[in-house]
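S.K.: For the record, the sequence lines run as chains A and B.
Under the numbering used here, read the first sequence as residues 1076 to 1199, first letter to last.
Under the numbering used here, read the second sequence as residues 712 to 925, first letter to last.
These aren't lab readings, by the way, just hints derived from the structure by calculation.
Check each hint, because a few of them may be wrong.
Now the in silico label distances, taken between C-beta atoms and shown as ranges [as the list claims (entries may be wrong)]:
{"#": "1", "chain 1": "A", "residue 1": "Glu1135", "chain 2": "B", "residue 2": "Glu912", "range": "51 to 59 Å"}
{"#": "2", "chain 1": "A", "residue 1": "Tyr1151", "chain 2": "B", "residue 2": "Asp759", "range": "18 to 26 Å"}
{"#": "3", "chain 1": "A", "residue 1": "Leu1171", "chain 2": "B", "residue 2": "Ile911", "range": "34 to 42 Å"}
{"#": "4", "chain 1": "A", "residue 1": "Ser1196", "chain 2": "B", "residue 2": "Leu735", "range": "38 to 46 Å"}
{"#": "5", "chain 1": "B", "residue 1": "Thr862", "chain 2": "A", "residue 2": "Glu1167", "range": "25 to 33 Å"}
The C-beta atom is built at its ideal place from N, Cα and C for all residues, glycine as well.
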Amino acid sequence: MKLLTHNLLSSHVPGLRPGGGFPLRIEAAEVRVRPVPFNAAFVSRLVPRLRWDALREAAESLGRPSELPPEPSPGYEADEEFLRRLHHVLLEVEVLEGSLQCPDSGRRFPISRGVPNLLLSEDE
Amino acid sequence: MKKLKLKELESCLQQVDTFESPKLLLEQYPTRPHIAACMLYTIHNTFDDIENKTIADLGCGCGMLSIGSAMLGAGFCVGLDIDADALEIFNSNIEDFELTNVNMVQCDICSLSDSLSDTFDIVIMNPPFGTKHNKGIDMIFLKTALQMAKTAVYSLHKTSTRQHIEKKAAEWEVKMEVLAELRFDLPASYKFHKKKSVDIEVDFIRFSAKKVLN
C-alpha cells in the first residue's frame, strides 16, 4: 500500500461516521522502498487534492519525518526538489505488512502483501 | 510516453493471468483482452482520460482494466475488489508486468462510506451485472463510482438496463453517453444450460459529472 493510496482512500472506509475516522493510523511491520519513474506534472497536479496533514503524519509514522514541509509553498509547481520528495513519499514507499487503525473506534484493518483489507465482519 | 497501438495493447493484455476458479456468485469472469483494449483505447484517444490521471477500478478482479490503464500511461491506478483470491492474482500480474503505479484494496463496494469525495479523476470498471442473487448491485457500483470520480466514469452495463440507467442518470444530473454496444459471451453458470456460454448485449457507457447524488 503506497501512501498515495492511503491518502486517497481513507474517506471511503466503511463504518466511519461522516468526516470522522480519518486519517487511519498506519502501523507498519514491513515497509519496502522501490524506485518509481518520476512524473513531475502528475505529482504537481496531485498536490491540491492531497490531505496534507494526513500525508505528513503517515510519512512520520513510517520513520520519514520532516521530509515534507508543513504545507506546500506557493510556487511548488516549479520546485523540482519538493516534487521529487513528494513523489518519493507518495509512490516509492510501500507498507507491505501492518495495519490501519481507525482513530475513533480503534478498529484495525490488516495490510498483508501490500493489500489493505477494509472488509467489515458480518456483525459490524 | 511510448504510443501503444491497439493491437499491441491487446496482445499485452492477453498475458494477464485470470481467475483460476471463478466464483460464480461474485459474477467473476475476466474482461476479454479485446474488449478491455478497445475500451481503454477509446478512453485514452477519444477522451484523453487515462494519461497522468488517477484511476479507480471497482470490482477489479485480476486487474485487466487497471493493467491496461497503467500501460497507456495512467498516473496511478487503484483496484478495489472483495475477493482475496482475485487480488492475489492481480498482485502477481503487477509483479510480472513490472508495474510501479498500481495498488489495490480489498473492500466491499456496497458498504463503502458515503462521503462525497471526488478522490479519483476517473473510474473505469466492469461491474457485476446483478444476475446472481445480487440484483441492483450494478447501480450501487455506478453510484459509488460517480461519487469517487471527479471527471468521468466508464462502465459496462447490460443493454437491457439502458432505460433504467438513463432515468437514474437524469435523476443524478449526470450526463450519459453510450459509446458502444458489445456482445459478451459469459460462461454458462448452471449445469443444465445446454450451451457452454451465454451471449449478452452490453453497453459501454461514459458518465460525466456535475452531480447531485443524494
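S.K.: If a hint holds in the structure, say so; if it does not, say that too.
M.R.: Now for the hints, and whether the structure bears them out:
Distance hint for glutamate 1135(A) and glutamate 912(B): a CB-CB separation of about 53 Å, consistent with the stated range 51 to 59 Å. A beta carbon spacing of about 25 Å between tyrosine 1151(A) and aspartate 759(B) agrees with the range 18 to 26 Å that was offered as a hint. At roughly 39 Å, the beta carbons of leucine 1171(A) and isoleucine 911(B) sit within the given window of 34 to 42 Å. For the hinted restraint 38 to 46 Å between serine 1196(A) and leucine 735(B), the CB-CB distance of approximately 24 Å leaves it violated.
The hinted range of 25 to 33 Å is satisfied by threonine 862(B) and glutamate 1167(A), whose Cβ atoms lie roughly 26 Å apart.
When held up to the earlier numbered hints, the structure conflicts with hint 4 and nothing else.
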